[in-house]
Amino acid sequence: DAGITQSPRHKVTETGTPVTLRCHQTENHRYMYWYRQDPGHGLRLIHYSYGVKDTDKGEVSDGYSVSRSKTEDFLLTLESATSSQTSVYFCAISEFTSGLAGVGRGQNEQFFGPGTRLTVL
Amino acid sequence: GQNIDQPTEMTATEGAIVQINCTYQTSGFNGLFWYQQHAGEAPTFLSYNVLDGLEEKGRFSSFLSRSKGYSYLLLKELQMKDSASYLCAIPGGQNFVFGPGTRLSVLP
Chain S
1 DAGITQSPRH
11 KVTETGTPVT
21 LRCHQTENHR
31 YMYWYRQDPG
41 HGLRLIHYSY
51 GVKDTDKGEV
61 SDGYSVSRSK
71 TEDFLLTLES
81 ATSSQTSVYF
91 CAISEFTSGL
101 AGVGRGQNEQ
111 FFGPGTRLTV
121 L
Chain A
1 GQNIDQPTEM
11 TATEGAIVQI
21 NCTYQTSGFN
31 GLFWYQQHAG
41 EAPTFLSYNV
51 LDGLEEKGRF
61 SSFLSRSKGY
71 SYLLLKELQM
81 KDSASYLCAI
91 PGGQNFVFGP
101 GTRLSVLP
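So the protein lines, in turn, are chains S and A.
Under this note's numbering, the first sequence has 27 at position 27, and the numbering climbs by one with no breaks.
Under this note's numbering, the second sequence has 93 at position 93, and the numbering climbs by one with no breaks.
Calculated directly from the structure, the hints in this document are not laboratory data.
Fair warning: there could be bad hints in the mix.
Some residues of chain A that are not near chain S, with every Cβ distance over 10 angstroms (derived) [to be verified]:
hint : residue
1    : Met10
2    : Glu77
3    : Lys81
4    : Leu107
Short, incomplete list of chain S residues facing chain A, as computed with Cβ under 8 angstroms [stated by the list, open to error]:
hint : residue
5    : Leu45
6    : Phe90
7    : Gln110
Just so you know, even glycine gets a beta-carbon here, dropped at the ideal spot from N, CA and C.
Using the sequences and the accompanying hints, generate a full structural model.
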């Protein structure tokens, strides 16, 4: 299994408080991703990183910020948590960008961390 | 952009064969992935198809038709441990787009 850990694994917090989730990898993969998973919506991309200090927004980025100061760590911050941010958060890593997958270029699966279950009361 | 559709739920009997379908629309095709996700766990990679046809891997096979925007995952000799959600995903730019997932329940 790819070496990916997430912390904390579970967190309960109150509306309006800041929350930071950490993703740590030991694979030295360039690309890292934060998803949230909710019933009826599947996995939705929040932010991703294509290198140290290089990040970009995903489909559901409002209310979230990220930082990547080292290859191995990707932090997700909820500036002021809301009940709508109650979810399961998954970090993922990949060696290459998905856009480079395809015929003659190999596959580029994403490997997922164990997830963080966040409850905002 | 990308759009992916899968059936929400399926039920099958232990020992049987089940086919889970995935239809997609995308402006540029870079392959299709299938993931398995047990309840409360992370998704894990199952298969990757980039050319038309069937890819077999033990009890699991995955099929792709690029012209039809269609893929399926075939699970043979179903076991209770195959009860899980199955997600198809297609690369889009620098990230993946995931389908909503199909929850498979295997009954004794």
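For each hint, the structure was consulted:
With a least CB separation of 16 angstroms from chain S, methionine 10 of chain A remains clear of the 10 angstroms interface cut-off, as annotated. With a least beta-carbon separation of about 25 angstroms from chain S, glutamate 77 of chain A lies farther than 10 angstroms from that chain, consistent with its non-interface assignment. Annotated as non-interface, lysine 81 of chain A keeps its C-beta farther than 10 angstroms from every C-beta of chain S; the closest such distance is 17 angstroms. Chain S leaves leucine 107 of chain A outside its interface by the beta-carbon criterion, the shortest separation being 22 angstroms against a cut-off of 10 angstroms.
Restraint check, leucine 45 of chain S versus chain A: the minimum CB separation of about 5 angstroms is within 8 angstroms; hint holds. The beta carbon of phenylalanine 90 of chain S is positioned within 8 angstroms of a beta carbon in chain A (closest approach about 6 angstroms), and the interface hint is therefore held. Against a cut-off of 8 angstroms between C-beta atoms, the interface hint on glutamine 110 of chain S holds, since the closest Cβ of chain A lies about 6 angstroms away.
Hint compliance for this structure: every hint is met.
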